[in-house]
Structure formats: structure tokens, C-alpha cells
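With the hints as extra help, turn the sequences into a complete structure.
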Amino acid sequence: MTEKQFEEFVRRAARDYNIPPDVPREDMWMAVELARAERQSRGALQGVFVSPWVRWGVGLAATLVLGIGIGMNLDRLTYRPNTGAVSTVDAAVEPSSRPDAYRMVVMEHLGRTEVFLTMFRADVRAGRTDYELANPARELLTTTRLLQGSPASEDTRLRELLDDLELVLVQIAQLRGGQDGVEADLIAEGIEQREVLLKLRATAPADPTLRGMQGVI
Amino acid sequence: MEAESNNKSLGSRVDEGILIARVRKGDPAAERQLYEAHVDQTYRLAYRFTGDDELARDMTQETFIRAFDRIGQFRGEAAFGTWLRSIATSVIYNGLRKIKRFRQREFDLDELRATGSSRAEAEPDLKDKLRRAIDDLPHKYRMVFVMHDVEGYTHEEISSALGTQVGTSKAQLSRARAKLRESLSEFAGEWAS
Chain A
1 MTEKQFEEFV RRAARDYNIP PDVPREDMWM AVELARAERQ SRGALQGVFV
51 SPWVRWGVGL AATLVLGIGI GMNLDRLTYR PNTGAVSTVD AAVEPSSRPD
101 AYRMVVMEHL GRTEVFLTMF RADVRAGRTD YELANPAREL LTTTRLLQGS
151 PASEDTRLRE LLDDLELVLV QIAQLRGGQD GVEADLIAEG IEQREVLLKL
201 RATAPADPTL RGMQGVI
Chain B
218 MEAESNNKSL GSRVDEGILI ARVRKGDPAA ERQLYEAHVD QTYRLAYRFT
268 GDDELARDMT QETFIRAFDR IGQFRGEAAF GTWLRSIATS VIYNGLRKIK
318 RFRQREFDLD ELRATGSSRA EAEPDLKDKL RRAIDDLPHK YRMVFVMHDV
368 EGYTHEEISS ALGTQVGTSK AQLSRARAKL RESLSEFAGE WAS
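From first to last, the protein sequence lines are chains A and B.
Counting from 1, one number per residue, gives the positions in the first sequence under the working numbering.
Counting from 218, one number per residue, gives the positions in the second sequence under the working numbering.
What the hints contain is simulated information worked out from the structure, not anything from laboratory work.
Each statement offered as a hint is correct.
Okay, derived cross-link-like pairs now, DSBU-like style, lysine-lysine, Cα gap no bigger than 35 Å in a straight line:
# : chain 1 : residue 1 : chain 2 : residue 2
1 : B       : Lys396    : A       : Lys4
2 : B       : Lys357    : B       : Lys396
3 : B       : Lys396    : B       : Lys344
4 : B       : Lys344    : A       : Lys4
5 : B       : Lys357    : A       : Lys4
Right, here's the structure in full:
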């Protein structure tokens with residue numbers, strides 16, 4: 001048996017080596033698209049949560065600004081001039097125009113929370129809660145509590161929504177990364193049962209610019 | 218004739234360049250077109266190495282996910298297929314290493330269980346023996362052997378995909394064949410028939 005004969009034999013026989021079946025093109029394409037979408041959303045989530053100290057600093061600053069904004073709104077809403085006359089300055093901050101600015105702050109917060117909870121639920125379903133969730137949840141919780149103590153709570157529907165958010169965010173803030181899979185499942189179940197995301201979507205506008213604010217969290 | 222073939226090749230490179238530019242801009246239709254153009258070859262290669270549909274699917278998918286994620290790094294110096302193949306071989310190679318570690322553990326357990334029992338199994342026939350011999354080749358040799366002798370790639374294509382010299386590809390193929398010949402020595406009489 002010469003080298004040439006052996007090569008010929010191997011080439012002939014090797015054609016039967018692991019003969020591929022029909023290529024499952026469609027299935028694989030769907031899997032590729034799904035995986036890329038998941039990675040992108042996960043990347044966005046990681047982008048939101050990258051560098052805890054930076055996040056914390058930015059979150060704290062955002063909370064302070066929001067707090068000041070709420071405080072100012074509270075002052076304005078509770079301020080009543082004794083003279084009975086309305087000055088031009090007062091007219092500029094007439095209570096009727098204040099709710100617009102205030103509403104923007106509330107909607108922005110609800111938008112961020114919706115993004116966070118949607119991604120949280122998706123990750124729980126995919127069995128991925130191995131990253132640090134507590135810090136972003138705490139930051140959102142702080143703002144939620146500020147809003148609970150603000151004029152927002154005068155709106156019954158919004159107050160109930162904020163109460164629901166507080167409960168969910170407290171639970172997530174107590175999760176430890178990678179150790180609480182069952183607990184995370186229960187929280188996600190709670191989100192479903194209380195229809196938190198539905199309520200959020202009904203209250204917060206489907207405004208993509210608000211979704212874009214997620215990076216500020 | 219040769220000029221016509223060169224023009225066709227140039228034309229397809231230009232078309233592919235346009236397609237890739239669209240993919241870079243995030244055009245999903247272009248992504249799909251690029252996928253359709255290369256998926257068969259990628260899946261075939263993955264299946265030839267693994268002999269397992271699930272693994273071949275995973276490897277093919279991972280190849281395209283990486284390719285789309287890194288499309289910005291594709292400079293167009295080589296054909297897209299060559300670049301994609303280098304990703305595919307890297308995915309397959311790393312995947313096979315993981316699988317080998319896993320299967321080795323399984324094999325060790327099976328061996329332990331089989332100790333003491335009689336080996337009444339018949340000797341595998343030549344094809345089975347060849348399949349096993351190919352499976353047992355070191356990954357680098359197997360990679361070159363499967364690409365060249367099974368899938369019909371040239372040494373230039375193999376060396377581009379594996380990031381080696383053409384000479385290395387030829388040497389590894391030669392060593393792979395020598396190992397197979399050694400493994401199949403007992404069937405020497407059947408080769409010529």
C-alpha cells in the first residue's frame with residue numbers, strides 16, 4: 001500500500017465522516033437574533049450599572065437635584081401670597097404651570113424604573129441574576145420614597161403605584177448577586193401579580209426619550 | 218475565461234463590501250443576507266467537527282453573533298468568508314477543547330464501570346475505525362484534516378482561517394494522515410480494495 005493509495009482511500013472514506021444534515025437556517029437565525037437582542041439589553045443594563053461608585057455619585061447627584069426640585073415645587077405649591085394680588089413672578093410659577101415641570105420629574109423616574117424592572121424580569125426568566133442589583137434598586141428606591149413624601153402622593157393612583165414600586169424595589173435591594181435565584185423568582189412573580197409593569201406603562205408615557213434616560217441612573 | 222472569472226470575483230467582493238457597509242449601519246436585512254450567504258458553510262464545518270446537531274448549531278450561532286458584534290473590526294483586506302471562517306474555527310476549536318475535557322471525564326467513568334467485564338464486542342469495521350481514528354486526532358491535526366480532506370478547503374484557505382503558514386497546514390495534514398495510517402494498519406489489506 002503506497003502513500004498515494006492510502007490518501008485516496010482516506011479521502012473516499014472520510015466523505016462519510018459526520019455527514020451534515022439539512023442546515024437549520026431559520027432556527028439558527030432566530031437564535032442569533034434573540035441572543036444579540038439579549039446581549040444588547042444586557043449590555044445596556046451593564047452600562048447602567050457599571051462602576052458602582054460612579055453610579056452612586058451620579059445617582060446621588062440626580063437624587064439631590066430631584067429632591068431640590070420637589071422641595072421647590074412643594075414651596076411653590078404651599079406658598080400663598082397674603083396680598084391677594086398676583087405678582088408677575090408669582091404668575092410665572094402659578095400652580096397651574098407647576099404640575100407640568102413636576103410631572104416631568106415623576107415621569108422620568110417612572111420611565112427609569114420601568115426599564116429597570118423590565119430588564120430585571122427578563123433576566124430572572126433567563127436565569128441571570130448574578131450581577132449586582134442592590135445599588136440601582138436602592139437608588140430608585142430613594143427617589144421613590146422622595147416622591148411618596150411629595151405632592152405626587154396626593155394623586156391616589158400614583159400613590160398606589162409608588163407604594164407598589166417601593167415594595168418591589170425594597171425586595172430587589174435586599175437581593176445578593178447570584179445567591180437568591182428563588183427569591184428573585186418570587187419578586188418577579190410579585191411584579192406580575194401586582195401588575196406593576198402594566199400600571200407603570202399606563203402611567204408613564206411610551207416616550208423613547210425617557211427610556212433613553214436609563215443611562216443616568 | 219480567466220478574466221471573466223476574475224471580474225465575477227471582483228464583482229462579488231464589491232457587492233459584499235456594500236452589504237457589509239449596510240450591516241455596519243445596522244441594516245437587519247443586510248445582516249440576514251450575509252448570514253444566508255455563509256451559514257451553510259459554517260454549519261457544515263461545525264457539524265463535521267462535532268457530529269452533533271446541537272453543538273453545531275451553537276457554534277454556528279456563536280460565530281455569527283461574534284461576527285456581527287465585531288463587524289467594525291473587519292477591514293476588508295481578505296474576503297468576508299475568510300474572516301468569518303477564522304472566527305468559526307476559533308469558536309469550534311475552543312468548543313472542542315471544552316467538550317473533550319467533559320467527554321474525557323465521562324469516558325473515565327465508563328472505563329471504571331467496564332473494568333472486569335468481558336469485552337465481547339466485535340471489532341468495529343473499517344469505517345467505524347476510521348471515524349474513531351479521526352476523532353482521536355489531536356485537535357490541530359483534525360482541524361486541518363477535516364477542512365482539507367473532508368470539506369475540500371485549500372491549504373491557503375486553511376492557513377488563513379487558522380492564522381498559520383501554508384507550510385504548517387501541509388505539515389499538519391501530513392502528520393494527521395500518518396497517524397491515521399498507523400491507527401488503521403490492521404486494515405491495510407482493505408485499503409486498496
